[in-house]
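Can you make the complete structure from the sequences, with help from the hints?
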Amino acid sequence: MNNNSSIAEATQVALIKSTTSKDAVLEGISKLGGISKFVKEGDLVFIKINLRNPGGFPTNTNFDVISSVISLCTDAGAKEIYVGSFPDQHVKIKALADALDLQTLFKKCRAKLLLLDDEAKYSQEIINLNNKEFKVPSAILRCDKIISINQVNVDPVFACTLNLLNSYSIVSNEAQQIKKDLRVGRDYLHLDQYKKDLISNILAVFMIKKPDLVINDLFYVLEGAGPFNYKDSNLKKTSFMVIGNDAVAVDSITLRLLNIDISKQDLLMEARDKKIGIVDLSEIKLIGEDIDKNKLDIKFCASKLEDVTVKNTDIKKGRLCSGCFNQAYHLLNLMKSKMTKDLKYIERQSLLIGEKPHEPEFLENILIFGDCAINSTKDRTFRKIVIEKGKNLIEKAKNKIKKEKKKKSKSKTKIISNKQILELPGCPPDILKCVSSIIKYYGKDEVPGLNLYYNLISTYVDFKKIEAKKK
Amino acid sequence: MFDNNFKSNWKKILNYNNKINLVESPEEIREQVRIPLTPIHIEGYLLYYLFELLYPKFVNDQQNILDIILSDYDIENKVLGIYLYKTKKAGIHESIEELPKDLVIIKEKDITDMNQLFNMVQSHISDKKSVKISSIRIFTRRGIDLINTYCDNLEKYSIYEFLYRFLDLIQKLINENLIYLFPEPNVYRFLKDFFKILNNLKLSKLFRIIESFISSFATVLVFYSRKLNIITEINKRDSKLNESKISINLRTTKDLDLEVKQYLSNNSLLLVQKKLNSESVVNLSQDHLISFFLDLFDLEIPIKKENFKLILQKFIYGIRSFEIHWNLLPRPRIYNTLIRFLVRLLGININFKKLSHWAIPDMFFSLIDTYFGLNSNILLIIVNKNRIFTKTSLLLEIENSSLIKIIPIDNPEIIVKKKVDSLDSIRNSFLEKFGINPIIVKVDKNLIQMIISVLIFKIYKLKPLSLLKVLKMIKKEEYFQIHPILPPYQLIRKMGTISLLKLCLSILIDKHEF
Ligand code: SF4
Numbered sequence: 001m002n003n004n005s006s007i008a009e010a011t012q013v014a015l016i017k018s019t020t021s022k023d024a025v026l027e028g029i030s031k032l033g034g035i036s037k038f039v040k041e042g043d044l045v046f047i048k049i050n051l052r053n054p055g056g057f058p059t060n061t062n063f064d065v066i067s068s069v070i071s072l073c074t075d076a077g078a079k080e081i082y083v084g085s086f087p088d089q090h091v092k093i094k095a096l097a098d099a100l101d102l103q104t105l106f107k108k109c110r111a112k113l114l115l116l117d118d119e120a121k122y123s124q125e126i127i128n129l130n131n132k133e134f135k136v137p138s139a140i141l142r143c144d145k146i147i148s149i150n151q152v153n154v155d156p157v158f159a160c161t162l163n164l165l166n167s168y169s170i171v172s173n174e175a176q177q178i179k180k181d182l183r184v185g186r187d188y189l190h191l192d193q194y195k196k197d198l199i200s201n202i203l204a205v206f207m208i209k210k211p212d213l214v215i216n217d218l219f220y221v222l223e224g225a226g227p228f229n230y231k232d233s234n235l236k237k238t239s240f241m242v243i244g245n246d247a248v249a250v251d252s253i254t255l256r257l258l259n260i261d262i263s264k265q266d267l268l269m270e271a272r273d274k275k276i277g278i279v280d281l282s283e284i285k286l287i288g289e290d291i292d293k294n295k296l297d298i299k300f301c302a303s304k305l306e307d308v309t310v311k312n313t314d315i316k317k318g319r320l321c322s323g324c325f326n327q328a329y330h331l332l333n334l335m336k337s338k339m340t341k342d343l344k345y346i347e348r349q350s351l352l353i354g355e356k357p358h359e360p361e362f363l364e365n366i367l368i369f370g371d372c373a374i375n376s377t378k379d380r381t382f383r384k385i386v387i388e389k390g391k392n393l394i395e396k397a398k399n400k401i402k403k404e405k406k407k408k409s410k411s412k413t414k415i416i417s418n419k420q421i422l423e424l425p426g427c428p429p430d431i432l433k434c435v436s437s438i439i440k441y442y443g444k445d446e447v448p449g450l451n452l453y454y455n456l457i458s459t460y461v462d463f464k465k466i467e468a469k470k471k
Numbered sequence: 001m002f003d004n005n006f007k008s009n010w011k012k013i014l015n016y017n018n019k020i021n022l023v024e025s026p027e028e029i030r031e032q033v034r035i036p037l038t039p040i041h042i043e044g045y046l047l048y049y050l051f052e053l054l055y056p057k058f059v060n061d062q063q064n065i066l067d068i069i070l071s072d073y074d075i076e077n078k079v080l081g082i083y084l085y086k087t088k089k090a091g092i093h094e095s096i097e098e099l100p101k102d103l104v105i106i107k108e109k110d111i112t113d114m115n116q117l118f119n120m121v122q123s124h125i126s127d128k129k130s131v132k133i134s135s136i137r138i139f140t141r142r143g144i145d146l147i148n149t150y151c152d153n154l155e156k157y158s159i160y161e162f163l164y165r166f167l168d169l170i171q172k173l174i175n176e177n178l179i180y181l182f183p184e185p186n187v188y189r190f191l192k193d194f195f196k197i198l199n200n201l202k203l204s205k206l207f208r209i210i211e212s213f214i215s216s217f218a219t220v221l222v223f224y225s226r227k228l229n230i231i232t233e234i235n236k237r238d239s240k241l242n243e244s245k246i247s248i249n250l251r252t253t254k255d256l257d258l259e260v261k262q263y264l265s266n267n268s269l270l271l272v273q274k275k276l277n278s279e280s281v282v283n284l285s286q287d288h289l290i291s292f293f294l295d296l297f298d299l300e301i302p303i304k305k306e307n308f309k310l311i312l313q314k315f316i317y318g319i320r321s322f323e324i325h326w327n328l329l330p331r332p333r334i335y336n337t338l339i340r341f342l343v344r345l346l347g348i349n350i351n352f353k354k355l356s357h358w359a360i361p362d363m364f365f366s367l368i369d370t371y372f373g374l375n376s377n378i379l380l381i382i383v384n385k386n387r388i389f390t391k392t393s394l395l396l397e398i399e400n401s402s403l404i405k406i407i408p409i410d411n412p413e414i415i416v417k418k419k420v421d422s423l424d425s426i427r428n429s430f431l432e433k434f435g436i437n438p439i440i441v442k443v444d445k446n447l448i449q450m451i452i453s454v455l456i457f458k459i460y461k462l463k464p465l466s467l468l469k470v471l472k473m474i475k476k477e478e479y480f481q482i483h484p485i486l487p488p489y490q491l492i493r494k495m496g497t498i499s500l501l502k503l504c505l506s507i508l509i510d511k512h513e514f
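Chains A and B are the protein sequences, given in the same order. Okay, so the first sequence: first residue is 1 according to the working numbering, each after it adds one. Okay, so the second sequence: first residue is 1 according to the working numbering, each after it adds one.
Keep in mind that the hints are not guaranteed to be accurate.
Stated by the list, open to error - To give an idea of the chain B side of the interface with chain A (calculated C-beta under 10 angstroms), a few residues:
no., residue
1, Gln-116
2, Leu-374
3, His-512
The hints are simulated quantities; they were obtained by calculation from the structure and are not laboratory data. Positions of the beta carbon are idealized from the N, C-alpha and C atoms, including for glycine.
Now the structure itself:
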């Protein structure tokens, strides 16, 4: 028996369709042999959930599913059950937990929410991966069993939010960031080195502590625009749940269910090549529904930025990598969702993204997004404007009254730098910094919608800290 | 089969309608009739006009109607009676002809396919009576019994009593399939689906709750049109007893000897106000109201987010078009240019004529979607000074931003016995008992009353200070609370009242005056 077939024997994935998400998860685990197969008496269990920001469903993992899994673990005799995750950039777990009252909620279910970013309380172990230091909370490393519950929504870079991505947030968002690392003779943008490095880091972090039980919750899937609730988002009820013991296999079944060509999914292909998990259907024992008869028709995120149509906004794109694509995608969707009124006031703006973007059609309100766009447009003509020099309006009026014939004098012009440009630096830029810069550029009165959004985020994000960092 | 009281009134209406076709100026025939199924008496001509106006728009715009009464038990032939109304004008019932009940045979299974049933009945009537009917109304015997019981002593009911009994009747008739209409009017389908959302919640209960939020008022609504102006006097006086005193009076301008020539003009409204000695007069266009309700009833239930946004836009546009499509006397102070100018100097821009109808629904849904989620359960608890005000709390089930169910929660174990100031414990009990983790919204009755009074019934007294007062109340936990403390609620609590008002107004009102 070769190595692969021994994995295959152990690789089981349950594809369950049910009337409620609770029933689906219970049925799935029971079909895989019951919770006792995964959690033993006295185990310390860590449940890794999506905990991105204090947004409503389906931004974070469905609480019904989490509470069902917690109660199964309790029944199995788990000694302690911890729940947690690192949230999105700049969001503190305590602020998020307070806004959603998660601590009391989990306490009620006899589990404990870990405030993983509180380093004073939770020590971190430094692990070196891909020439980078990752701080991983010891509380997670100490656990006997890891259960990963992941809400599946559409995603601009990976088609949908896979379980492997969920595992990535056992390290802080800061650690998740990809630093531009230019290699000699390699075109960073052409090869989309950003995505390659990201994938490499995701898989490396995944290998630190592989989950024992993996749940992809597709009972409801956010389609159209995601993974957050945007204007173009739609919640589709599929009634499906994919559960198994191998995250790669579970993701591979999930993608197939969503009718996605696996061979084009770099993350899974890389996982297969590195023998991190099983991707091929022939090597997975599928339990439950027939995958071929149940393919789902989901509307994925726009694959081109120009397809995110934002009122009065002209997108000029150059060469870009997945980093800027992802961030620009979110910025555009944010504009579309939160700036309904603002975009009418602004009348027109251009967004320049990527290396050597096309020239903007107008000279006002030019937002230059990302270091590549900023650096490659330094000497562009739109950066300068020509004005007539020293024309005195009073003098002009006097001349008109006197009906003096226009003297054929040479009109003097002056070239000054275009002040109606907003640079949004970063590789890729940070969305919240962009939000605060855009408000400053236009002024609060001009962007009431974005200003409201900014005020709402301020209730759980410390903007002063962000500003200080920027300086 | 209908009770005598109902029948005699209905005959009176038919006679009146019949007479009206024979005279040149029908409004001269003065005869009081009762609006069917209500205790309200009005001039026959006004009822004629209402039928002529509303029936074709909301029920059926073709001639000739057939009423069929069906037995609840018979299987082979369920028909108990057939009545034909030959109508010259759609909706104007002027004669009734009882047809032999064996003219058509309807079996139990026929009712499952109304389209086929209609075609069959239509061809039978066409063959035998040479009349082409355009719609059928089917009443079951049980439905008729229910209507008869309802009609018993109807004229003795107070308006309050009539309203909640009427709502119960309609809900029961539709919910229990005691009447059928074919072709199915949108309003019928709308109500049928809406009652499904209401689950076991009685419409009358909802009415009682909403009615209790409205403090005393006396207003006159003038529904204007080129053909006939309808004047509706509505008074509500709170009483210490369970029910409040409501009176409704429907008349035409002619009944009051008023010549209202210029719609919307303040002088015309002043005349009405003086004549009826009312607190306020509101002038609304019949056409615009009808068009709004037609759009509303056209919506599929559960109402999809995008459709809901559109109808909200229309509604807000209606509010903003003050002195264009509607008018109000006394003229609200908030529209006074000088007051607005002075307030604007303080950085507060209040101009209801510039409500951002095009942006508000979008912004509202974006906020709800982001922080409440596309799926959510919202538990609405109404309190009165931190004590449960209504025995029933409402659980609103939202799926993909659409309200799909309203579940009445009458469980005293969970809500009444718990201290209402501890929303946390209510949520925990909810979780234990139903496995649902709701977002709890607690609102004090006084706050709702204040909002309704300030923004609707006493809007003519509205001052910027009243808005500040409302916001101040919202900021106080005893009047308004959301659990968990979601970011929008955190913002409300954190921000100063004036800054909050400015922030809200920047969203609600257009920046540019022109
Ligand atoms: S600036 Fe943007 S496009 Fe350029 S390398 Fe960085 S992330 Fe990629």
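Against the structure, the hints:
Taken as an interface hint, B/Gln-116 does not check out: its beta carbon lies about 33 angstroms from the nearest beta carbon of chain A, beyond 10 angstroms. Proximity of B/Leu-374 to chain A holds as hinted, the smallest CB-CB distance being about 4 angstroms (cut-off 10 angstroms). A cut of 10 angstroms between beta carbons decides the hint on B/His-512: the least distance to chain A is about 8 angstroms, and the hint holds.
Violation of the numbered hints given earlier is confined to hint 1; every other hint is satisfied by the structure.
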